Amino acid sequence: MSTAIKWFWFSSPQTFYPLAGRIAAACAVGAALLAAAGLYVGFFVAPTDAQQGEAYRIIFIHVAAAWMSMFLYVVMAFWAAIGLAFNTRLSAMMASAIAPTGAMFTFVALWTGALWGRPTWGAYWVWDARLTSELILLFLYLGFMALQAAIDDRRRADRAGALLAIVGVVNVPIIYYSVQWWNTLHQGASVSLTRAPSMASTMLTGMLLMALAFWLYSIAASLARVRCIIRERE
Amino acid sequence: MIAAARCIVARDLLLALRRRSDVATALLFFVIVASLFPLGVGAEPNLLRSIAPGVIWVAALLSSMLSLGRLFAADHADGTLEQMLLGAAPVGVVAAAKVLAHWLVSGLPLVAIAPLIALQYDLPAPLYGTLVLSLLLGTPVLSLIGAVGAALTLGLRGGGVLLALLVLPLYVPVLIFGAGSVDMAAAGLSASGQLQLLAALLVVSAAFAPWAIAAALRISTE
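Protein chains in written order, with the numbering used here: chain A, 30 to 263; chain B, 102 to 323.
Just so you know, these hints were derived from the structure itself, not from any lab. Since we're looking at a predicted model, the values are computed, not measured. Some clues are possibly wrong.
Claimed, not checked - What follows is a list of derived Cβ distance ranges for each label pair:
id, chain 1, residue 1, chain 2, residue 2, range
1, A, 181, B, 123, 26 to 34 Å
2, A, 143, B, 229, 38 to 46 Å
3, A, 39, B, 130, 49 to 57 Å
4, A, 181, B, 189, 28 to 36 Å
5, B, 229, A, 230, 54 to 62 Å
6, B, 227, A, 84, 46 to 54 Å
7, B, 209, A, 52, 54 to 62 Å
Idealized CB from N, CA, C, for every residue including glycine.
With the rest of the complex left out, here is chain A (with noise of 0.2 Å):
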């Protein structure tokens, strides 16, 4: 009962600027933390791979932002229904605020993706199924974002974008699976991300506190963020 009331109170944007504040602020610290030891287990302690070299250290920070990436389109489109659906402003506010990060982890996906297939597949970029979905969701974040720019009324905005948002993210396995149906039928198996199924676990580790170290950074950016656009309307 008492976890009830809290959520409520905190669900007005007055109440929540402060909350935001520390939670960002706490956030932030983790994540650079986190992102430290992630970054020394990965380039230091990993073993180097055995058919990929060194090249592969890229994939603490790639696989990291591209689950990310697919992450908070559900988690901006949850908070964009949630503001559709009970008229809650600060929901509205959050899904605007997870947007930018959203799309910059989906651009690191691919800008670190391309790095990595240069030397290992010999090409930056290949029109393979992960690569072209991820391009399209870089393409519904850009296109959430672009809208909710062009109107200048701050309610139209917030109600087109959570409509855009809850359009999209029903497209996106729809998109996903074509892509891939479209792929196999093209060009069979020729190139292929999954790896030797045995992972070291020092790799494992690094990919984990990457993984937390992003979610951190997610939480502290987009609170932030929420913070600027509380300033700014209210």
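Given chain A, put chain B in place with the hints provided.
Same frame as chain A, now just chain B:
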């Protein structure tokens, strides 16, 4: 409800009939875009034959997107749209009727003229059936998805470019299955799997898109 839908379809068709040049422009755009590709990539027949399904489908995507701007804009400008939203008929039905009219005006002529483009690209005659069928199943999906974007961008500055950014990523599955079905048939395989997936997309979008369009129209006009 049916009467309202029929009334809207008849009205939009009549309006399109009175302004025939609008319809012709989108169709001409389709033909011109498709005719540019051989000039760009060269007229080697085997190459043209292999890119034909993709080119025709991409041109269809662009052409159908081009005409989306007009879907609600005129009605929004003169206030008809608000009256429709206030009227007794459910907004979803209104939206579905407007999309149907839009498809009859912009999608169906495209399906009809596609074999002509296929002829230019020297596509083997047995593939015409698959091409036309895939367009017949796919272009209504384009109209349905596009209408959501058109409703969201109603009355915005730079609406046309924004519409492209919103709608084109969502068109990807239709493009893949549409062009894929013709590719399958060209490879001597059965295209029925891809065509059934297109049909599934049509059924799903016909069921859900009118709701999304109605919600988008309410957001844009309030």
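inquiry  = Need the list of violated hint numbers for this structure, in ascending order.
reply    = none
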